[in-house]
Every structure is written in C-alpha cells, then in structure tokens.
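Chemist: Chain by chain, the residues:
2 protein chains.
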Amino acid sequence: MSIKWDEHFNKKTNERLILSTIGEMMRLASEENALSLTAGEPYDLLYPSEALKRAFEKTLNGNLVSHFSYSNERMGIYPLRSWIKKWMADEGLLPSWVTEENIFITSGSQEGLNFVTELLLEEGQTILVESPTYPEALLVFTKEGARFLEVPLEEDGPNIEAFKNLLKKERISFFYSIVNYQNPTGYSTSAQKKKAILELAREHNFLIIEDDPYHHLYYDAPPEKSYLSLAGEDCRVIYLGSFSKIVAPGLRTGWVVAPKEVIDQMLKLRVLSTLCPQTLPQEALFNFLQETNIPEYLSSLRHAYRRHRDAMIEGLEKYVKPLGLSFQIPKGGFFIWGRIPMIKDMHDFARFCIMEEKVAFIPGDIFFAEPSNGKDTIRFSFAKTPPEKAIEGCRRLGSALKKYLEQLQN
Amino acid sequence: MSIKWDEHFNKKTNERLILSTIGEMMRLASEENALSLTAGEPYDLLYPSEALKRAFEKTLNGNLVSHFSYSNERMGIYPLRSWIKKWMADEGLLPSWVTEENIFITSGSQEGLNFVTELLLEEGQTILVESPTYPEALLVFTKEGARFLEVPLEEDGPNIEAFKNLLKKERISFFYSIVNYQNPTGYSTSAQKKKAILELAREHNFLIIEDDPYHHLYYDAPPEKSYLSLAGEDCRVIYLGSFSKIVAPGLRTGWVVAPKEVIDQMLKLRVLSTLCPQTLPQEALFNFLQETNIPEYLSSLRHAYRRHRDAMIEGLEKYVKPLGLSFQIPKGGFFIWGRIPMIKDMHDFARFCIMEEKVAFIPGDIFFAEPSNGKDTIRFSFAKTPPEKAIEGCRRLGSALKKYLEQLQN
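In order, the protein sequence lines correspond to chains A and L.
All residue numbers for the first sequence refer to UniProt numbering, where the first residue is 1 and numbers rise by one.
All residue numbers for the second sequence refer to UniProt numbering, where the first residue is 1 and numbers rise by one.
Do not take every clue at face value.
One copy or two, either will do: identical chains are not told apart, so a pair holds if it fits within one copy or between any two.
Stated by the list, open to error - Simulated pairs of lysine to aspartate or glutamate, DMTMM-like, Cα-Cα distance not exceeding 20 Å:
#1 K260 <-> E7
#2 K11 <-> E122
#3 K403 <-> E317
#4 K4 <-> E199
#5 K260 <-> D6
#6 K193 <-> E150
#7 K11 <-> E123
#8 K4 <-> D264
Read the hints as simulated data drawn from the structure, not as lab findings.
Same shape as in the complex, but just chain A:
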C-alpha cells in the first residue's frame, strides 16, 4: 500500500525545504575523486587532534555520571560560557550588559541561526541579506517562509545607499550579515559602515544577526569592532560565534550572544528540540581551551591558512587570470570570490571541470537569494588545500577553462 506523502507533509515540507547545493557539489567532487576547492571546512591536518584527545581523556577521568545524565545546564556548561565571555570581552567584542547568562552554547552556529530564525521570522516577512550570502542560511530563512531583499556587498561591507533605498521599499524583520571574511566573498564590513547600518536599524526598528565564524582567521590586520559592541546599550544585535573553523567542526560547538529575552525563548526551543545538549564535548572543549595558549595557537593557524591563501592566489594569477578570471585577494577566512564574464552557466562549467580535469569549485549563483544573479561568479576555498595542491588545482582549472572556452567558440 503506497502513501501519498505530499498529502501528509505540510506546506513547509512540500514547498520550502530545499537540498543543500554545496553538499551536492561536494558529493559529486568526492565521487569523481576530483581535487576539491569546494569545502568551507577547516583543513583536517590543522585540527589540534592530539590536544583534543587529551582533553577528552581528561574529561573521561572526571565525574562520568554528570556527562551521562540529562544536563541541567541547558544553555551549555557554565565554565565554557564564562570562558567565551571573558575571551570576547578581552577582544573588545562585547558591550557591558553581556554576562554568562547572555551566552548560549549551540550545535554549531547553524543551530543558533535556526533558533533565532524560528523565534523572529513570521511567514511572509522580509529579511535583508547580503548579496551574495551563505546559502545554508538562506535554507533556514526559506524554511520559515522568508521573503528576501538583497543588498550588494562591497569590499568594505554593504552598499549603504542601496541599503537605504531597500528600506524605503519594505519593512524588514532583520538584517543577516557575515561580518568578517564573508562566505563567499571574503569581504569584511568596516566599523564605519556598521555604525551607519546600526543607525538605520534604530530608525527602522530592525534587528541585526551578526554571524562571525571567521573572526580569528585574519591574514592582515584583525577585524574592526563588532556590531554587538558598537550597538552598546541598544541590544538589537544577536551575535553568532563558532569553534568549527578554529578548533574542529566535529565538536559541533558554537554560541549565541543575545539579550535575556531572546535567551529565554531559545531555552524553550532547546527543550522542545533536543531537551538538553551533551556536556562531554563541551567539557572537553573547555579543557582544551584552558590548557592551550590560544593566542599562540590562533596565530599559527593564521600562518598556515595564509600560506594556503597565498599559494592559491599565485596559482590563480598564473593559470586562470590570464584566461579571464577576475578576483580580489581576501584578507582572511577561507574563500576567494571571482568572476569569469565569458561564462554564462557556471554550473555547466563546474561539471565540465570535474569530469574533464578532476577539479571542483562552487558556482557562485547559489550564494544569491535571487537565483538569476551571479551566473558568471565562482567561489574557491583554499582552506583544505595545501600549497602544492592549490597550484595543481589552479593548473587544472586553467586547462579546463581553456578547453571550455574553445568549445564555446566552436
């Protein structure tokens, strides 16, 4: 007996749940054994694996029962929240109202983003996103029934004139921004633009979701002040942090900084969705943070990723730029964003590259809320690609592009 599932699924499932395109592209690259420039993931050889292992072992030598029970610390364990608070305060990222009770541990920042969206967004409401932006955020917003406005992103942040014009058109619920070394562009928002946008937020009464997973991965100067700290007492900023890019994504540990009113509601969603988090990985992460010289550790991480970036820039300059690729050098993060104006269908070219030259990247149009945008754009990740591989990847890409353009002309 067969069930007509679309009659049993609700409208959200039938109309608004979308597969991750990045996931699909990464799967294809892996199946075809291609050299992958796709993944927004840290390089596994840079995980502090042995130190994390020791931290887990130390945790397992502690009070086991507390790790194996339901956790009463539904916001996450206090020592970890306290560590994060002190760390962020030392970095100048926090306004004075933030205490440990404003910090909520999440399963990666994805859970934070999903919770915040579930709390704020009414079906059919409009939110403003950067153009381009992180597609897994768009999936969350779409699930909850968002309509989108897109503000063009420039090297120093959103175009302020365009921002103002969009606000004239429509009321927005919130503005979602990846503030530093953005995925996919690598761009960062300047303090000056943040101030201008905070001004607009007060005037038009919208909230700001500040997503900041790449904060510590700067290869030049450190990032400018956060929206959160610039807003001060005006607590309309919800900040998302993550250990995924700087420690290890498999720990699934991120955090949200938010006013108590938001935290209280997130606690209700936590109970509904998983009752409580696991404490063992949190405790192990806390042990790792305690026993590591974090400034030194982060500095060596930046050094390694800077080498990855520089090698890929070198390869692109040598093999792909002469054929028509334009791009900017990112000052941090994992990504290089480019444009190949002769290419009208980057997905077709992406498949061609995987099949013909065993090299993979992400077509840029998937980073736009309006999918007809960015057909000639392209995102490379240098995170998981050590220098020799980066050069080889660029060589293959150049070779593929040459063949592809020749085909186009015939």
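Please arrange chain L on chain A, whose structure you already have, making use of the hints.
Modeler: This is chain L only, laid out in the frame that chain A set:
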C-alpha cells in the same frame, strides 16, 4: 535603549512557546532539597559508566580526524544504524521494507519528534493524543500550532469506541502514542488494539507516531508487537526509539524508523538545524553495544528497576493508599500513575509536600492536552529511587497527605 521584544518575536514565540512544567517542578524539588519522585530519568548508578568510558577511550584511539570533521553521515554513522536495524529485526519489531537507509539517528527521541512534527503538522491541524500523554511532546505540537483531540487511555491502550467517535468529529494528521509503559500512566497498548487503530488509520488516512523509549524495561512479559511491524507494507507508522533510558541520556542518542520519503525530508531539516551530528558519541555508543552482552545487560537493568518499582508499590500501599490514593501496578517503565479524589488542586498539594515534608512528585494535570483534566491525578517515578528511599518517600508523602487533608477539613 529598550527593545519591545514582542514586536520582534513572531506569533509562534509570543503565543506558542511554553516552559516545561516538569522542569520547573524538578528545579523546585532540587532547590528545596526534597526527596524527588519526579524525574523520568534513569538511575545514575545504573549507567554502564565504566564500559562507556572504555568505549569512548577506544574511539579516541581510532581515527580522530573523522570525529573532529563535519560528518558526511548526516543520518548517523552506518555501523550504529546497522546495529539498530539488526537488533530491532531480531526483536520482531520491523517490517521487511526497513533497511539501514530507513534509520535516522537523532539527538534523543525529542529531536525525532520535533523533526517529524515540523514535517507533518500544518498550523491549525488536529492531532490525536493519548489522555494523559507526555507533556514535552505537547510542547512540540503546540509550537507548530496543533489543535488537540484526546482519547482516554486504558490499561491495554486507547479506548477504541472513543477513538472512533473522535474521528467522526474531525480529520486528524496523526495519532501520537507512547506504546509501552507509557509516560505517565505505565499502560501499554495491546496488539489487538494496535490492529484496530491501524485499521482506523487506513480508513481515515492518518499517520501513527509510535514512541517507544521504555520498550526494554518490562518487569513481567515483554511488550506485544509494534505498530510498525503490524502495519507491514502499509508504511504509515513512524517509530521513535531511544538509548536514553537503557544506556545513558547524556549521550543524546535516539533514532527514527521511517519510510524513505520521510527520511529524505528529515535530512534537509538536519542540514538546516545543525548541519550534521557529532560522530564521536555515536561511535562510542556503537563500541559499547558491540562489546556488551546486551540481552544480559538489559536483563540486569530490568531486575534493578523491578526492585525500585516493588519498593515504591510497597511504600504506597502502606503509607498512602489507606489515606485515599488509588493506583495500578505498572508492568514496566518508570512511572506509577494514581488518583487522590479528595484533592482538587494537585499543584497546591505538590508545593505543600515539598515545603512541609521534603518530598516531590509531578501533579497529573500537566499530562493532559486539556489542562482542566486530571486535577486529582498524580505521577510518581521510581526510576531514580532505590528501595530504602522509595519507602521513605512514601512515608513522607503519607504524612504530608494526612496533614493536608486535616487542613482541608478545618
């Protein structure tokens, strides 16, 4: 500058997110240092802590990088899904269509319940629940905008005549049932009643959510056949399993068995909500399951909890039944469900017990979708209460009840 948060939260947050009352009651009991008969949690001395520790250590001696990376196994690791499949098949719980691809690992069964509800329920739709039922399930359904019908639960399952009459009144999306040693009643649904309800499900085209966390905790005969296996090829049953009650809740590991169409949608929710699960606790759990004689382990668990149950029954018979408590002896699980007809406000009595005699239980009305029901009902958990404590708890309860009834008469 203060923010009017109710203007920024959506309708769901403002109207449909509710605090867990059980959590509140457990907190009060703990603050007042009361002997608690509240928690639906396993007894921590029965966690296989040392074996789990060894299993974690073994996992940490394996391939660390795979545990610290984003997991490609978004449904959960294959070995664990395969173990569950074989185990359930051996127990006769599975129809023939179930493969590893129909098993989806969740963060406790709460995540499974939340996912399934997010997929199925349209705001304003009606679902049918047992009366009484698990309140944390009601919180999930309420969040998604459910309307409720309640079917009276008897010792052998829902009253079938009442079920039929409710279906005449209204179309339902699904029926949610805790099939064995139900929370809060301890009742189990007979195979005969399951067959009758499956018949109704086909006729009225609704789905069945079979929640079965207490399956292996029987103190008499094992449970009867599952809805899932009885339904056979008619795959309208979604089954929720959990390791929380039989291994350790802190592992946050449960699972869903469902048709591929549902699993595919759950995968999309997984990406949106947490990207991927942690693999380390799954791998450790799998190692534990591999290296433990599970039938023997479960048998010793049943032996221990049977002693807890028997002691509490003895205490209630001796100290509380003579004062007016009526109850039935549960054949499994963690709970004893009772009624004290002289008491009109069980919450008032619960607070009195905590303050006057330092003993805590859960007032029964919170287990009803319609909160005016069950004002004289009461739930005790014997799970975390070893025999001597159970007797002492009942003595205190008897003493409190005597005082309280005397006060009522004056």
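Chemist: Which hints from the list above does the structure break, by number from lowest to highest?
Modeler: none
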